[in-house]
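Chains as they are written, first to last, in my numbering: chain A, 17 to 290; chain B, 721 to 1097; chain C, 736 to 1039.
Source of the hints: derived by calculation from the structure; they are not laboratory data. Errors might be hidden in some of the hints.
Said to hold, decoys possible - Here are the in silico distance ranges between beta carbons for each label pair:
| no. | chain 1 | residue 1 | chain 2 | residue 2 | range |
| --- | --- | --- | --- | --- | --- |
| 1 | C | 884 | A | 70 | 29 to 37 angstroms |
| 2 | B | 757 | C | 817 | 43 to 51 angstroms |
| 3 | B | 821 | A | 63 | 56 to 64 angstroms |
| 4 | C | 1028 | B | 779 | 42 to 50 angstroms |
| 5 | B | 757 | A | 176 | 22 to 30 angstroms |
| 6 | B | 814 | A | 70 | 51 to 59 angstroms |
| 7 | A | 190 | B | 883 | 25 to 33 angstroms |
| 8 | A | 197 | C | 796 | 24 to 32 angstroms |
| 9 | C | 892 | A | 63 | 22 to 30 angstroms |
| 10 | A | 64 | C | 885 | 19 to 27 angstroms |
| 11 | B | 849 | A | 279 | 23 to 31 angstroms |
| 12 | A | 197 | B | 853 | 20 to 28 angstroms |
Unchecked claim - Partial list, computed: chain A residues near chain C (C-beta under 10 angstroms):
| no. | residue |
| --- | --- |
| 13 | 34 |
| 14 | 74 |
| 15 | 75 |
Computed from a predicted model, the values in this text were never measured in an experiment. Built from N, CA and C at the ideal position, the CB exists for glycine as well.
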Amino acid sequence: MKINRTVEFTWHVIFMATVLVLVFPIIYAVGMSFKPLEDAYNNVLNIFSLHPTLENYITFFDTLPVLKVTMNTFIIASVATIFKVFTSFLAAYAFVYFQFKGKEIVYFLLISTIFIPFTVTMIPNYLIISDLGLLDSVWGVILPQLADAIGIFLITQSMRSIPLSLIEVARLDNLGHGKIMKDIVFPLVRPAVTSVGIWFFISSWNEFVWPVLILKTTENYTLPLALQMYISSEGGTNFTVAMAVSVITMIIPLILYLTFQKYIIGTFTSSGIK
Amino acid sequence: MKEIRFEHVKKSYGNTEVVKDLNFTIREGERLILLGPSGCGKSTTLRMIAGLEDITEGSLFMNGKKMNDVPSGKRNAAMVFQNYALYPHMTLKQNIIYGLKVQKLSKEEIQSRLDFVLDMLQLKGLEDRLPKDLSGGQRQRVALARATVKRSDFFLLDEPLSNLDAQLRVSARKELLKIHDMFKQTMVYVTHDQIEAMTFADRIALMYNGELQMLDTPTNVYHRPANVFTAKFIGSPPTNILEMNYHEKSISIGQQSFELNEIWLKHIKQRNTSDLLFGIRPEHVELSTASFSNGYRGKVKYTENLGSNYSVYIDLDGQEVVAASDHKHWYKGDTVYFRPMMDRIHFFHKGTGNSIGYPEELLDADYKNKEESRVLA
Amino acid sequence: MSAFAAVRKSLQLNRENAIGYGLLIPSIIIFAVFTFWPFLYTVYLSFFDWNMISPEKEFVGFKNYMEVLGDPRTYQILGNTFLYIVILLAINCVVPYIFAFVIGVVLQRWNGFYKSALFLPAFISLVVGSILFTWILNPVSGPVAIVFGWIGLEIPNWTKTEGWVILVLSLITSWKVFGYNFILLYASINGISKEIIESARLDNIPLWRIFLQIILPMSSATGVYVFILTIVQSLQYVFTPVKVVTQGGPDYASSNLIYHAYHEAFVVYRTGHSATLSIMTMGLFLVLLFLYFKFADRGIYYEN
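With these hints in hand, go ahead and build the complete structure from the sequences.
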């Protein structure tokens, strides 16, 4: 669209400033994680230290079972993602290709859980996990996360965009639902499934509220919990170490996002909310 | 018997009846065109044959067996969709043979069918392309190929040519005829295009408002329309349907009268009715600058150039008459004399819109077959 | 024969139904066990006095509701919650709407870059964000305080100041939420036919009118969704910075309904109060949802 040069310039300034505010902390964290502690306090404005050091990472590795914590985070995120994608795909297939009584109501009920605040389910879920003896274990974190309303919604939207005639051709060829799912529907919604999967993985990776209730001991922590522990238990003294933990926490989501951003933005921008 | 029979078939969505009481038979090996304006129920009818829509009431027989509850895959039918419904993630070849592989045919059989159809539809050399890398015409041929390789008894087509341009349509029609000659499937073909219907059909089933209006050969549908709807739907510009008054020896339209011959007078007398509409196709109206002894006078309202001929819109005492003229250009305001060709006129009951039929003497040998000209509406 | 066919027909339909339901079973079980049942159980708990440990729950009727409604702190927290909602809506609903319009419709350069960059923080842990911003906005030694110091401005000690604390925690939460909302709105606006906007431009309609009179109504279904989502989900996201930075302080000045329910349950072990607060929050959300569907049903333009 043709617009006034000055107006255009002003908007670019506004957007650049916003981008700066949003992205600056990430860059700043990377810089800080390589600073000696006193440098962090004395040379606040230097993003990158003049005396870069790995000592923060070393301290972090020395004081925490880093591998264990990272593995915990990874296991929770992967298992939850695989299950959520699987259950969402099956549910979406049922909603799109079957006509059965009560379908609309079930869909409405499942989707409306997006609007239920977690405090409403927090105590009973805590008790369930506790009764199952899964407190302070990764499975206790995983268990309530095996299905997801947003996932059902996004994959349903994506399936709806497949022309129905493709499925009808398959039906005329006497194909069963398993084959239709595997050979036709899944390949066609793969981009959506991939980005929904990445979204699940990252959300679960970053999840804080639920793990903070379930996980008690350091070696069962996930990365965000370990990070919070550094801040709350040792005050500001370990700030640069916390920055190193931050970098470790961010790195996987960042890589995934930067690699798949086209896919992900595509899925979120093509499905639309109705 | 690869025939398809509808017995009191109805289809409704909630309270809306989209197909009302269909009763007819599609004969083994014929090319039947389901023709009609959009929303007339023709696609729904086809989809009921395919088993993609449930039948609300009545029975559908295929091959002599009741099919109401038989799933699509077990009806031995192949279908070509308007949007072709090619699997976008499969190559041309995979698209064609996917159904055969699921049927567990032998490798050799699949290969030989594939080679045959690729050859027939000039798709050789494109086997590994994805649908998005094919032209519209090629995609259409892939859809045909995929339906053809199944070698099924019933071949269903839902507006298969409507996404092609005029030239491609002509060649695609030829290919369809070739396929049909080869395999003699019972072909049911849905279209809203009357040219396609005329050129391709053994018989046309014209539908409107969920009801069958006429089922007959293209010639009869054109020359002996069963009702006003058929007369107006077939042909372009449509048949003129005029208000008229019936007198002992003549009919009058507006202030002017027109004498009928003995054959028509006798025929109308036998029908014992005088509440009639008069019908005449534009191409059956003779135009002249000089008056006819038995004809009408009117004023030209405007003319349309159709390339091959002109459509002249004439005001006849307040009613509009369209006439086709091949050479003379008529101008607005000109006085024009015209007369309908006596053996090409139609009369319809005013109330029902049904034809009163045609005098025996006017039926050419072609139309004499009473079976064929059965009026269905 | 016809009776036989009827039976077969119903079996056929049932088989289809059964497959459909079967595919839903995994999701339904998970949601039933971890969402719907807990929801009912929380309602149940709101009528009991309990500390989560003792084997006995004491039925107290509406006492929890009375106590919660009689507690002035509840109103303070309710007030905080509304303040959060207003700030979050301004930052995460109004601003991204305008951004999405300008990036989707007006600008022709760098659109892809802006989309990627604005969406980026949505993929990063809010714990990381909370810690970073706490440091960056540290009133004494943070980089912003130092830069402000050059021009003689001071940063308030926001973690300890009523009002400021809510504003800053909202900003931190927005860092995470903004991009997600922006992308949803962008998707909706991008789906509006370009011809409509072009024809408006040909009629020389100013941009702000195009935004208010064409874009806003045509994307309103998504708009309302984002509006509700901002309230419902960002309030929950606020939990993280509150927990990491202030633990609800100073003196409950940064607590909201969500954090307070957590606090009651897992810090002071009053499950009755916590459940009551949760049910009240749910009630508030239900009112919003009801308004949403009422709106959505009535005259809202649905894309496609």
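Hint by hint, here is what the structure shows:
1. C/884 - A/70: 29 to 37 angstroms: holds, 32 angstroms
2. B/757 - C/817: 43 to 51 angstroms: violated, 58 angstroms
3. B/821 - A/63: 56 to 64 angstroms: This hint holds: roughly 60 angstroms between Cβ atoms.
4. C/1028 - B/779: 42 to 50 angstroms: About 43 angstroms separates the Cβ atoms of residue 1028 of chain C and residue 779 of chain B, which means 42 to 50 angstroms holds.
5. B/757 - A/176: 22 to 30 angstroms: holds, 28 angstroms
6. B/814 - A/70: 51 to 59 angstroms: holds, 53 angstroms
7. A/190 - B/883: 25 to 33 angstroms: holds, 27 angstroms
8. A/197 - C/796: 24 to 32 angstroms: The hint (24 to 32 angstroms, Cβ to Cβ) is violated, given that residue 197 of chain A and residue 796 of chain C are roughly 51 angstroms apart.
9. C/892 - A/63: 22 to 30 angstroms: Distance hint for residue 892 of chain C, residue 63 of chain A holds at roughly 25 angstroms.
10. A/64 - C/885: 19 to 27 angstroms: holds, 21 angstroms
11. B/849 - A/279: 23 to 31 angstroms: holds, 25 angstroms
12. A/197 - B/853: 20 to 28 angstroms: holds, 26 angstroms
13. 34: Holds: closest Cβ of chain C sits about 7 angstroms from residue 34 of chain A, inside 10 angstroms.
14. 74: violated, 20 angstroms
15. 75: violated, 16 angstroms
Checked against the numbered hints given earlier, the structure breaks hints 2, 8, 14, 15 and satisfies all the rest.
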